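*Asks:* Chain residues, written in single-letter form:
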Amino acid sequence: MFEEVLFKNRRPDRPATLDEYRQSGGYEALIEAVKQRTPDEVRQLVTDSGLRGRGGAGFPTGRKWGFIPADAGFPRYVVPNTDEMEPGTFKDRVLVNIDPHLVIEGIILSGYAVRAQTGFFFIRPSYELDAQLIEREVEVARQAGFLGNNILGSEFSFELVVHRSAGRYICGEATAQVNAIQGNRAHPMKDRHMASDGLWHRPTIVNNAETLACVPHILRQGAEWFKGLARTKTGAGTKLYCVSGKVNQPGCYELPIGTPLREIIEGSAGGMMPGSELKAVMPGGASTAYMPAKYYDVEMDFDPLKAVGHRLGTAAIMVFDQNTCLVAATLNLMEYFARESCGYCTPCREGLPYIRDLLWRIEAGEGREEFIPMLQQMARHMDSSYCAFAPGAAESVLGLLKYFLDEIREHISQKKCPFAEAYRPHRKLWYPAE
Amino acid sequence: MPKLIIDQRSIEVPAGTKVIAAAEKLGIMIPRFCYHPGLGSFGACRMCAVKFLEGPVKGIEMSCMEDARDGMVVSTTDPEAMEFRQYVIEWLMMHHPLDCPVCDEGGHCLLQDETVSGGHGRRRYLGHKRTYHDQYLGVFVQHEMNRCIHCWRCRNFYQGFAGYRDYGAMQIGNRMYFGRYEDGPLESPFAGNIIDLCPTGVLTDKPCRFVGRRWDFERAPSLCLHCSLGCNTTGSARYRQMWRQEGRFNEMVNGYFICDRGRYGFAYESHPERPRRARVAGLEVAWAEAIQTAAEKLSQIAATAGPAAVACLGSARSSLETQATLQRFCRALGWSEPRYFSVPSQERQVKAAIARLEAPLAVSLREIETADFVLVVGADPVNEAPMLALALRQAWLKGGAVAVLDPRPVFLPFEFEHLPLAPGDLEAALEALTAGAGGTDLLAGGSPWPLLPKIAALGRRLTQTQRPVIVCGTGIVRESTPGLAADLVLRLREAGLNAGLFYLLPGANAFGAGLLSPAGEGLTPLMEDLETGAVKALMVVENDPFWDYPDRGRLVRALDKLELLVALDYLPSPTVQRADIVFPTLTLFERNHSSFVNQEGRLQLAPPVHLGGMPMAQISPEKHPPRTFLSHIPGGEPRTPGEILAELAAAMPAPVTLPGDDLWDWLSRKNPVFANIVSLFESPPGARLIPEAVPAGTFSPAAAPAAAERPPDYLELLLVDLIFGTEELASYSKHIQPAEEPPRLRMHPADAAKLRLSSGDRVALRLLGGTLEVDLQVAENMAPGVLVLPRHRQLNWRLAPDYRVMVAYGDIVKVEA
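Chain order of the listed sequences is B and V.
Note that the numbering used here gives residue 10 to position 10 of the first sequence, counting from 1, and the numbers run on in steps of one.
Just remember that the numbering used here sits 1000 ahead of the position in the second sequence, which is counted from 1.
Hint data in this document are derived by calculation from the structure and do not stem from the laboratory.
The structure presented is a predicted model; accordingly, all values stated were derived computationally and were not measured.
Some hints could be false.
[What the hints assert, rightly or not] Cross-link-like lysine to any residue pairs, in silico, SDA-like; alpha carbons within 20 angstroms at most: (1) K279(B) <-> A293(B); (2) K1051(V) <-> Q44(B); (3) K190(B) <-> L1039(V).
[What the hints assert, rightly or not] Computed beta-carbon distance windows for the label pairs: (4) G1038(V) <-> K233(B): 26 to 36 angstroms; (5) R1461(V) <-> V161(B): 26 to 36 angstroms; (6) S24(B) <-> G1038(V): 57 to 67 angstroms.
Don't be surprised by glycine CBs; every beta carbon is placed ideally from N, CA and C.
The following block holds chain B by itself, in its conformation from the complex (with noise of 0.2 angstroms):
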């Protein structure tokens, strides 16, 4: 069986304290870095490592800190995102609810790695109680002389504030929540580059949690040993799957990265429901395709998926069994992310409700055969737009036309949707003048 890392602490009633976490190696990593380890040999020991952003887009973050560059001044601050907001996902939530001061080390590591002097723990204000949890957390580790100045008489010194967003899911790209930690409009900013000019034009780091929740792990056992707990030759580590839909147990497990999805599914979360055939998943949140039931056996790793057409994303499936109409499905993503759009830019604005518009009329038995040329050229369309907002609200749609197009064309043929006995979507198109 396999170990669990990064849920290590996990209890089935309360988060782990700092003596808990303590017991079972916590702060070692920072203890060992501080006084032994150069910034330098920090980040080059992530690099090897292979960890890769478990935010989304899956960038190596070794090489993310490597952008700073090293002329650049001081001060300089890392931003652990919290703002979780991606439906499908919540291991974030989980993870902070478990261990937090593996996050909290983490972010500390990270800042030592990147010589930063403040971090802004950026949490999404849904998350009220976990914010609270990481604020009383914090206070508890400056009180054992881990977060404030001259850190374990180092010369590092770091403090951390909680920054609660202002609950958008926008505010969760990196340099849309550097704006909205300075207090700005949240929007991204595609022509900064955050390594070099981020908050307050100083250089900054914007990672996820589960990213940095590595990291004390990585230092304390190594590189090799890291990438030697993924089931994936390119993959390293553990990956946090959170698993919903029509499956028997949903949650949150931590697997070796790389396991497949078949696994995860009949094995953590307790195979499908009586009933049910698996359809499709997504494999890595909203904001990725659907992918159906050929590729049950993929290992669900970055790689592995890209080799197939498919991203990982947060690696939140969600799994859809055969009465589950994926228009319907599409259209409330849909809802979703026309509202949740930041309005910069048109294609993401204007084109997304011009999407749900069109798909609400297919599921309302309204659909025209012309609307499907329209619905592929816009979704193509939405990577020209500003940030990766949009080609990831489009993958849904694209995904939907790529392998179930029979089914969008059934819902035109009929003028009904043809679940409509199984799933009756009581919805209306939301205008804001009505």
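With chain B fixed as given, assemble chain V onto it according to the hints.
*Replies:* Quick look at chain V alone, frame taken from chain B:
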């Protein structure tokens, strides 16, 4: 210089040029909404998508976001890019109302043009259209939010370029709203630019609402006369009336934008009481009769009391042609030299500034944007020369610093350092800075001046810059201050810095007036000549001493002694009302080409916008063209002062011919700076009328820097400008009047405490000429020891013997309600 190929044509552009700008140089207009050369790239509208075929960038990308780089091959007509752009238009048109027939933007609407040129004709979207609440945004800007395509230009200008915060983007997704937090007038005096910037009809010109289509207007390039900067505008006239002014690009002066005073100040042109007919003794008479009467009376006085008994007063707002012709006229008739300023201290300040402005030192408004340190001395940019404030902000945005030495509560839309020094201390500060730049340790003498350490710190920062600019006002400073500012610039240049000098002057053509005024001490002040009876006849050409002379009582008494007052003007001014003979003149918008010299010596030409005449609206209540046709233009009698003076000269008993066509030759014989003039049609930024001489400074040995002596228990009264309400021409504009803030007297809290006054008190100021009642506002960010009073239209402030007076504590009393 990167070289790239756009649509099979190659072009080389300076590094940093965006592909969209490079294409524009080839004459390829890539569609755009959010991109504006004055604002930069934002990548929001996605309309400028092109396909990058070869080079460092591949695929569909935004041409406004990509720097032109070597090896780029760009296609603007690639089918994929065209399809994407068609979708962008379709998306933008999903909610755009089809109200073009009743929209003021219709006909010059960028959205309209790009919708038509993109081929989007039929609406495929089946949903409802989005609707919004429109806001009241003040008297200048009309808001029609339903038409918004969310291009961000208005917000990017308002918050980014101009630095004001009360208008912006709210909400997200397709509910996004551009407006204020609540209805109310826009706070920025540059708000009118969002009308020009809006690519469709969301923000339209309120005074010009429902007046005409773009092609209905007579349009011509024009100039703004409402301060000395000389911003370029485009005027629109219809029905013999000016309706609208827009900013016009000038790469050396205003860039793309203008302020609201310049935009809406034009309506003096159609003031209902504007003189339109010649008048003798208050009665309208035939033009020839008025000329005959004036010529007879003037020559009679000249014959009996001597030619020197006839004096002329030109102005700082007249064109250079008018100013020069007046001088020529006086010389031809042997009268005394014309004066151009009714206030002698103003004339001396202007001449002091002009004398020191030489080509190597002078910087243009746009060059200020590249300065890394700007020291503003005795100037309040937003109120005296509004566009200077925006130029300073651009310098600040690029990393430059701005420091202001001024007694007033100066506001600028960015962070700056303000040292509130009394006017008398400005000179000491400048001298200290000059000495400091020359290596003197200012703090060595142990001066008791408490502000000296701050000035010394400023001086140290100044010497650490590369491209400092000294901005010096002429409104409230002493007459020698402009010279000290020039000394500082020369000292900094000696220290190896590329220092520049920028003056502000009182009046759109104060520079021209200064060039034509006699050098040195000049003539006896006009008022003295009037009082002694040395001048018996006065001809006032486009000037109104009642507007700017500080002592109304003295002026009236002096004018009462006159035997004859002749006025030539286009304003219904008190001078015109009391003149014995009135000749109506033309504004710069009408029928004549006129040139003006701005404060940096830049000669610019204003062609006519329309032919002039009585506005249609004043003849008939409708705006409809006349149904009866006449052989003349009704109300078309006004002429240029040059024409009137030539007629007068010809009508004299001993007729004199004033040749009209060799004015520039005559001027260049007088002053070599006029010889440099090239055709202004060939040189859009204008021509500089300043000597090329290598300037040299004479530095007096630095005295120990100290604050100026001030009599105790006295406050110095400063008569200052406001953006609206104090400038002569704009104050006659019906569009500006409702935007004026009520005038307030401002005072430092320390002085207010001594006088037991507080904000909101009604205060009576007892001055030599009478008592003035005004509301008090206590302001922290100003110098103690001064009273700041706007020369406001609504205020009878002309009660002091001079612009600079001391007011005793006892003469400032609270008026009990």
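*Asks:* Next step is simple, just say for each hint if it's right about the structure.
*Replies:* Here's how the hints hold up against the structure:
The straight-line distance between the Cα atoms of K279(B) and A293(B) is roughly 6 angstroms, inside the 20 angstroms bound, and the hint therefore holds. For the given pair, K1051(V) sits about 39 angstroms from Q44(B) by alpha-carbon distance, which is inconsistent with the 20 angstroms threshold. At roughly 17 angstroms between alpha-carbon atoms, K190(B) and L1039(V) fall within 20 angstroms of each other, so this suggested pair holds. At about 54 angstroms, the CB distance of G1038(V) to K233(B) disagrees with the hint of 26 to 36 angstroms.
The given range of 26 to 36 angstroms is respected by R1461(V) and V161(B), whose C-beta atoms sit roughly 33 angstroms from each other. At roughly 60 angstroms, the beta-carbon separation of S24(B) and G1038(V) lies within the given 57 to 67 angstroms, and the hint holds.
When each numbered hint is compared with the structure, violations occur for hints 2 and 4.
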